[in-house]
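**Student:** So you can see what is in the structure, the chains are spelled out below.
There are 4 protein chains.
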Amino acid sequence: MTEAIRKNFASDNIAPVCPEVMAALARVNEGSAASYGEDSETSALAVRMADLFECRTWVFPVATGTAANSLALSAATAPFGAVICDQSAHINNDEAGAPEFFMHGARLMPLPSPDGRMDPGALDTALTLNAGGGVHTSPVQTLSLTQSTEWGTVYSLDQLDALTGRARAVGLTTHLDGARLGNAIAALGCSPAEATWKAGFDMVSLGGTKNGAMAAEAVLIFEEDLAQNFLRRIKRSGHLWSKQRYLSAQLMALFEDGLWLRHAVQANLMAQRLAHGLRRHPAASLPFDVQSNEVFVVLPERSVAALEALGFGFYRWTTPPGVDGVLIRLVTCWATEARDVDNLLDAL
Amino acid sequence: MTEAIRKNFASDNIAPVCPEVMAALARVNEGSAASYGEDSETSALAVRMADLFECRTWVFPVATGTAANSLALSAATAPFGAVICDQSAHINNDEAGAPEFFMHGARLMPLPSPDGRMDPGALDTALTLNAGGGVHTSPVQTLSLTQSTEWGTVYSLDQLDALTGRARAVGLTTHLDGARLGNAIAALGCSPAEATWKAGFDMVSLGGTKNGAMAAEAVLIFEEDLAQNFLRRIKRSGHLWSKQRYLSAQLMALFEDGLWLRHAVQANLMAQRLAHGLRRHPAASLPFDVQSNEVFVVLPERSVAALEALGFGFYRWTTPPGVDGVLIRLVTCWATEARDVDNLLDAL
Amino acid sequence: MTEAIRKNFASDNIAPVCPEVMAALARVNEGSAASYGEDSETSALAVRMADLFECRTWVFPVATGTAANSLALSAATAPFGAVICDQSAHINNDEAGAPEFFMHGARLMPLPSPDGRMDPGALDTALTLNAGGGVHTSPVQTLSLTQSTEWGTVYSLDQLDALTGRARAVGLTTHLDGARLGNAIAALGCSPAEATWKAGFDMVSLGGTKNGAMAAEAVLIFEEDLAQNFLRRIKRSGHLWSKQRYLSAQLMALFEDGLWLRHAVQANLMAQRLAHGLRRHPAASLPFDVQSNEVFVVLPERSVAALEALGFGFYRWTTPPGVDGVLIRLVTCWATEARDVDNLLDAL
Amino acid sequence: MTEAIRKNFASDNIAPVCPEVMAALARVNEGSAASYGEDSETSALAVRMADLFECRTWVFPVATGTAANSLALSAATAPFGAVICDQSAHINNDEAGAPEFFMHGARLMPLPSPDGRMDPGALDTALTLNAGGGVHTSPVQTLSLTQSTEWGTVYSLDQLDALTGRARAVGLTTHLDGARLGNAIAALGCSPAEATWKAGFDMVSLGGTKNGAMAAEAVLIFEEDLAQNFLRRIKRSGHLWSKQRYLSAQLMALFEDGLWLRHAVQANLMAQRLAHGLRRHPAASLPFDVQSNEVFVVLPERSVAALEALGFGFYRWTTPPGVDGVLIRLVTCWATEARDVDNLLDAL
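Chains as they are written, first to last, in this note's numbering: chain A, 3 to 350; chain B, 3 to 350; chain C, 3 to 350; chain D, 3 to 350.
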């Protein structure tokens, strides 16, 4: 099958576009349409999302996760403010300073998060210290969490509640980087509403690209003032598509009938299969729970090199001091098949 | 035919995606591919563009024209600098402050441009004044021109030479907003090289979206330092696609065998047909030469309202003081057919 | 007398510091004091200003007018917004892009102002156009006026009312650049309150440096939210003095017993004396009313060169097209004496 | 004596202005002077500094240390870049995000520095990691160190060499935050040149305010391109004084005949006296070497509260976990007298 990712476990963004999204692009490719989001596909998407999230929801489609996150943070945070996030957050490590650019210099304050999940005690300490900082510090205005986390773990709803509750109690706006939110919801078995606004979030970057789209993420905002502020920043950052129907159509394909969750379930299952196989390998150790679609594993250098030589794709991660072996990351996705996983396990 | 724009002359961005671009998207939708521009389609595009422009060329695909322009200007201009552009420029009127955002507050200095083309005398005066400004002013570092212009006119190569030559003589970097460059090249009958670097430009925003793509523009840079500076800004502004093959494939479809120019020729012909018909209308007057694919015409309010009532799409422009009637803009594109034009002319 | 400016009419910032300000600096130079504005002199200044302006007032001392203006505008304007000002405004022409830097790229929209005063009709047109601009434009959020104007004229209170009333009706914040507000109040004979918040202003940059201080301006804000927003930006821009008592003391010297107005009266009188003399010169013409402490005059090149040769200091201004002669600016200040003026007139 | 700081050890910025600086302000308060740095005092300062630092030196006087640091960093670092500093740096903890504001979002990368001095191994690791980061990270472009450090320690010249040498080898620009450089030079007994450019620094923020001035720091730049870049940012950030003679005069008073070092020697001596006395206190422990004018000491809560009750001024610092007692900071300065120190020791 042409879509299989075969030997490439480097990321969920190396996968092709799923057939349903391609079909949706063809479907909307008819005649003229009003530009800049005034098209009917975008309107339909807004209705669909409000229904799916059971809430009044402002929906902004953009092409990349970095745009989604940075625009959201900039709508919530004054240029003189700060954002608390976990140390492992994508916004902290992988976006080349985009949050700071969009926020005009507001600072990220990363907190320790050993398995990707922020410790409520660390949040408490940071907020207390910041509250006493006065005019010489940047006041924290936003909390940003990641679900599922960058280490493949998943917060329970109670864990989210504890963090967002603490943040909201001191007036912070709450943002969820949900580039892989589908994987977390599939793991938790909760509703989209429970995983987002009912868990205390004001804004969500909801991933599409890693879940089968070409280039499409939806920023969901549950509060009108934030939404108005966000709206004014899209064109200004070059993220307003003139032919927006092609952005909205991708999201409709994923979200109109549950395709996003079917994709997530498949990716999670493949990660479980992979983890299960790896745990049986005598020299492998898995430092984190495998709860979504990312598997981190420490293997001997010799095994890692052998996999590379066989053409398997994955990233070598920074191995923590004191660990014997090499930490690598293996990512599954909607296009991963059981034979792809077995192929890798066999090779190992 | 489903692709026809029928009654919609509002812009060239209301059109659908051309079949060749859709086919290219399907073509690259095979298996896994390296992300963030490390894919083979992007490499092929770079080779193709260097060949087409007969020059060492750095090529950066992005999804929107605003991103292309703003990133280019920010690579050329220090935050304390300034950019000279024409009064009618898209960067000056239609991008919601994106250039200032990307340039971190550097200022646009718009010069009068009655028919969209900058007057060399005005440029000379502005540069002379700025040179004497000292530490209280923003030093001009960049010249940005638009070809074809926002009023549908086209600079001759000599006119471009005069402006870029003056700018380069005082050390400015030169940028061309070529959202509709294909239309200008079709009109001039020159080569892509003659229209760009041979005409004195260091950077070009080369449009794809208005010419048949879904969301794709190519920034072309002819100087290595500028290219390196540009490169560092793409991810930081959320404009680096993880699945970049789908961006590059759109551009390949347009630029690999001349489709972009065939599209431009069609759009220009339809504009000529429209202009020809309008000139025969006793109450119509066309304030500008029709040299590309935009037609501006002054019509009586009654006629304009009648067209609107019939469902024709176009924009009412700000009518200059003293003009009797309403100034409207009609835009043709690759998907405009003769019967679409005739239909409008008949209605009138 | 050592303080006289003698032949230097280039600006009111070429003057020395007045004796009262020097004495105030010596007065506060006693023992230790809490830093960063926690000192008693700063507290006393706040009380004095609230009393002088007959209003609850937040007072922020800073060292330069550019800092005062830019900080104020940035507290009032979102990075995606815009500020309407007059074409001749200091923020538009003389601050090297500081407003755009502090506002993170928000744009200035200068309106024609032939004699320095903004035309209410131009404001009305600009606001109407902007209101319909949608997501492709920068929404105007702030109006900034200058009193006395950069051409030496003074708005009447009715003229101010008309402009600020129009602005407030559509929700704008209003800012007054009052680098020379004392001169305007001296000319109008009104109270400080009447010239500021009663005339519809939310924020004022109140000048001290040009009026006898060393380096001191007071930003006055009449609205709490704006003041809180402003407060967070001072340290972040390097404008919070650790030894703030020395900033506040300068302002106390000027504002505690009316010294600022006595200085302004002297400067205005000297400007009147100068204008009166110039009007008697057969070849001189004065393009603007002389209402404060700036005198613009067109003189033959030969006369201007002669004055320069004699060591008189002043700036040649950009002479408007069609004017025969050279436009120069002569500025008087608190330290200008009658004999300084007569000396220049005699030389002429 | 009125200048004594008496019981206030909170900071060296709570002190008054020294008599020599006050005299210098009076000295230049004569007649008119060209504005914006075109005055003769500023010229004389440039000559003096070049002589003192034995090097071609560009000198920029500004009023605050935050302005000095932030302007310097912004001249060295692109908006997409990053700055390595030590964890305890003033730019990292005490400037309310000013570096990020001036650098337009470029990021600080703080490295562990247990006693305020950066570990060369940590620098090496950070640079190696960053070099492999690619387009998803912010490239480090600048190294900023602090001398004397925020914990009162002083780098040896060899230690500085090792760090700046490593940084320069990979093309970084090097900046020294020398708010208390005089104290370090007094401690090291080296020349100003040896402590700065001979130790590998391209730019220095040289403190005046904490050393007896009213509000004056000198940014020294030893490389022309950096200086030109810096120059363009001063007015734009509101840090160009119109009456600059009063800024330059303060610095002349300190630097023309060695007053800055005499002040530093006095402050250091008083810190030694204080440390000596504290070490004899049975319940006191000093976590760091006392090498300049800051003394950190852990005391029982009861003792700290008693000092506060007696009216002594100092800051309670964040006490590290596991430490029994309260960490406080005591700062001496040029105005500290032996009896002030003894008074505190007696009280204890």
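Keep in mind that the hints are not guaranteed to be accurate.
Claimed, not checked - Here chain B is said to cover these stretches of chain A; the calculated rule only asks that three of the stretch's residues, wherever they fall, bring their Cβ under 8 Å from a Cβ of chain B:
no., region
1, 21-34
2, 54-64
3, 99-107
4, 239-247
Said to hold, decoys possible - Chain C is nowhere near these chain D residues, computed Cβ spacing over 12 Å in every case:
no., residue
5, SER34
6, VAL49
7, GLY167
8, GLY327
9, LEU350
Calculated directly from the structure, the hints in this document are not laboratory data. If you're wondering where the values come from, they're calculated on a predicted model, not measured in any experiment. We put the CB at the ideal spot given by N, CA and C, even for glycine.
**Student:** Starting from the hint list further up, note which numbers the structure goes against and sort them upward.
**Tutor:** Violated hints (numbers, rising): 2, 5; every other hint is consistent with the structure.
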